[in-house]
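2 protein chains.
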Amino acid sequence: MSPWKAAQPGDPLHKVDTPALLLDLDAFERNLQRMADALRGRDIRLRAHAKSHKCPEIALRQVALGAVGICCQKAGEAAVFVEAGIKDVLVTNQVMGDAKLRRLAPLARKARIGVLVDDALQVKGLAAAAEAHGVTLDVYVEVNVGANRCGVAPGDEAVRLARQIVAGAGLRFAGLQCYHGPAQHLRSPQARMAAIAAAAEAAGMTRRAIEAAGIAVERVTGAGTGTFVHERDSGVFNEIQAGSYVFMDRDYGDNLRGEGDVAFEHALFVRTAVMSRATVERAIVDAGLKASSVDSGMPAVWQRPDLSYVKAADEHGVIATPASAALSLGDTLMLVPGHCDPTVNLYDELVCYRGDKVEALWPIAARGALL
Amino acid sequence: MSPWKAAQPGDPLHKVDTPALLLDLDAFERNLQRMADALRGRDIRLRAHAKSHKCPEIALRQVALGAVGICCQKAGEAAVFVEAGIKDVLVTNQVMGDAKLRRLAPLARKARIGVLVDDALQVKGLAAAAEAHGVTLDVYVEVNVGANRCGVAPGDEAVRLARQIVAGAGLRFAGLQCYHGPAQHLRSPQARMAAIAAAAEAAGMTRRAIEAAGIAVERVTGAGTGTFVHERDSGVFNEIQAGSYVFMDRDYGDNLRGEGDVAFEHALFVRTAVMSRATVERAIVDAGLKASSVDSGMPAVWQRPDLSYVKAADEHGVIATPASAALSLGDTLMLVPGHCDPTVNLYDELVCYRGDKVEALWPIAARGALL
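Protein sequences appear in the order of chains S and X. Under the numbering used here, the first residue of the first sequence carries the number 22, and numbering increases by one thereafter. Under the numbering used here, the first residue of the second sequence carries the number 22, and numbering increases by one thereafter.
Just so you know, not all the hints are guaranteed correct.
[What the hints assert, rightly or not] Quick list of in silico lysine to aspartate or glutamate cross-link-like pairs, DMTMM-like style, CA-CA up to 25 Å:
#1 S/K332 - X/D272
#2 X/K26 - S/E302
#3 X/K36 - S/D327
#4 S/K378 - X/D109
#5 X/K108 - X/E152
#6 X/K145 - S/E302
#7 S/K26 - X/E104
#8 X/K36 - S/D119
#9 X/K26 - S/E104
#10 S/K26 - X/E239
#11 S/K108 - S/E302
#12 S/K378 - S/E178
#13 S/K36 - X/E302
#14 S/K145 - X/E302
#15 X/K378 - X/D335
#16 X/K332 - S/D272
#17 S/K145 - X/D352
#18 S/K332 - S/E380
Bear in mind the hints are in silico, worked out from the structure with no lab data behind them. Nothing here was measured: the structure is a model prediction, and the numbers come from that model.
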């Protein structure tokens with residue numbers, strides 16, 4: 022853990038040490054409002070994905086603006102958010118093994134806890150844990166609607182699992198998880214719409230098959246920032262799991278916007294400083310790949326179209342600088358991370374600012390919660 | 022921070038929760054010994070790079086086996102290692118700005134502290150900080166010997182900076198930093214040897230130019246795990262900054278080994294479990310890119326040549342599995358990270374094991390020390 026803090030509340034923005042993870046509170050609050058507006062008056066609710074921010078301060082604001090609760094990917098993340106007072110948490114993942122189940126199940130005494138399955142063995146493990154701890158767990162069948170990751174094939178397999186859940190003491194069949202991650206990063210709006218149309222078709226067919234077996238399907242949940250308007254309008258989904266919308270990142274920003282897509286704005290930045298300017302054609306900044314994740318490509322340089330962040334080493338970033346670029350040793354830049362989720366996971370806190378002043382430091386309390 | 026620990030000392034290996042970062046102590050100790058052997062009886066010393074491990078327990082063992090101290094990339098990392106009792110720390114980076122200098126300089130009361138420069142402005146800042154805090158700082162001129170990152174061009178520019186350092190109160194000109202990172206990842210041994218021959222030529226020329234100006238050059242330092250035998254044998258370098266050798270990673274393992282190269286072995290693993298096996302052609306494991314950095318490619322699957330880790334999402338890894346693969350839900354695998362440094366930076370502790378038993382948990386105390 023860093024022995025020092027990058028800033029204190031009340032500091033002027035220009036004094037924030039580098040590299041640091043900054044949240045523009047005005048932009049962030051506008052993003053929260055845009056999502057609330059996009060879902061208002063429709064029969065669809067938001068379960069905000071907290072894997073993106075890992076930050077209880079943000080989760081509490083999402084719930085205050087209407088989110089039913091959060092989802093996250095790890096039992097350890099769930100524990101952090103339950104501890105922070107979130108009352109409805111879905112682990113959008115398979116949770117297996119005694120160590121994890123022994124920790125997950127007791128959380129259901131303090132909050133509604135949901136989890137996914139795509140195999141009978143997982144249902145068995147959850148039922149045993151629920152019984153051992155005297156709790157009820159919400160269980161969703163994950164259906165592969167195009168992501169080709171976890172999830173059973175649409176149709177019969179899902180029906181079999183739903184029956185098994187219904188029969189399990191301590192388990193409540195809560196519905197279907199139908200998440201299509203890759204669709205969100207298709208650049209063309211037509212391609213995204215087509216992918217989600219196919220996903221909704223598979224989800225709807227599976228829901229009807231389970232209902233035909235006499236089992237109610239309360240919830241069809243999924244979607245993320247890049248496609249949620251299509252799931253929202255599908256007539257099949259009734260819950261949205263968007264997370265990145267609070268921050269936006271360079272990768273989502275690269276999507277071409279279609280009619281009806283919501284224009285979220287960049288609110289998350291890595292503040293960095295030029296530490297070497299030994300040649301005219303490049304500047305070296307102090308934010309490398311331990312400061313801004315590069316799995317979805319390099320960060321963008323905010324409001325400096327003349328500059329490109331072209332290469333990341335562990336602790337160095339290389340900025341290509343045309344001869345005309347005004348950029349001196351010690352100058353600071355704001356980077357828009359390529360991918361917000363793993364970037365946030367590199368920091369212990371968010372430096373939250375409004376205008377030119379630091380307003381708060383929010384702990385990224387679930388950072389590193391891998392178990 | 023994870024609310025839970027993956028293991029406790031004394032646990033059998035098979036009970037370690039997943040994903041977790043594991044250190045095979047036997048392999049690690051053999052790697053330490055191999056490096057000590059490779060430098061023994063030569064006029065060259067090891068300054069182990071702690072950016073790779075960020076772990077005082079490892080640094081103390083490196084010093085016990087003969088390392089003069091450590092190097093690291095951030096002032097915040099230096100603070101962690103000085104606090105842990107390391108007496109000689111070189112920040113192999115430019116350190117700029119009041120906030121950083123105000124924190125770095127006082128460390129020189131407890132340890133020898135070195136830092137790099139490639140601009141007169143940095144020398145000025147260091148001199149002011151040294152004077153303000155009543156300390157002496159070692160200053161190295163960074164020379165660009167082929168990495169094209171930081172560093173002045175070989176020759177005259179370095180002489181000018183050396184003169185300025187010598188004239189600076191509170192500063193001690195300690196030598197030249199001549200690090201060629203990219204050379205270490207050239208796959209062919211001939212290419213690595215040629216790159217370091219050119220680097221050593223540039224370093225030697227610069228050293229002679231400074232000596233011709235009447236300034237002694239005590240130290241020429243640089244090198245890393247992929248090339249250190251060439252710097253060692255160059256007749257120019259007298260200090261080696263290798264770091265990854267303690268762990269090895271998939272990327273270094275992919276280098277073709279040349280005559281004289283030292284065969285370090287993989288000692289660092291991400292333990293992961295299969296959490297979904299919904300189709301025969303893939304298994305989904307619980308270690309994604311928040312558990313094993315993918316900037317240098319996907320992790321390898323240890324001792325399972327039939328399996329390939331083909332895709333990483335944030336919290337999911339996709340393992341391609343031939344129909345013949347014996348791999349069931351709940352099975353565990355050991356991954357060899359693509360790149361050890363940023364992988365270590367994702368965890369709060371190393372689960373150290375010997376044989377089939379967990380022996381210790383070592384805090385990764387400088388994880389996230391970005392400032």
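Consistency of the hints with the structure:
| no. | hint | in the structure |
| --- | --- | --- |
| 1 | S/K332 - X/D272 | holds (18 Å) |
| 2 | X/K26 - S/E302 | violated (47 Å) |
| 3 | X/K36 - S/D327 | violated (53 Å) |
| 4 | S/K378 - X/D109 | violated (38 Å) |
| 5 | X/K108 - X/E152 | holds (21 Å) |
| 6 | X/K145 - S/E302 | holds (24 Å) |
| 7 | S/K26 - X/E104 | holds (17 Å) |
| 8 | X/K36 - S/D119 | holds (10 Å) |
| 9 | X/K26 - S/E104 | holds (17 Å) |
| 10 | S/K26 - X/E239 | violated (35 Å) |
| 11 | S/K108 - S/E302 | violated (53 Å) |
| 12 | S/K378 - S/E178 | violated (55 Å) |
| 13 | S/K36 - X/E302 | violated (53 Å) |
| 14 | S/K145 - X/E302 | holds (24 Å) |
| 15 | X/K378 - X/D335 | violated (29 Å) |
| 16 | X/K332 - S/D272 | holds (18 Å) |
| 17 | S/K145 - X/D352 | holds (17 Å) |
| 18 | S/K332 - S/E380 | violated (32 Å) |
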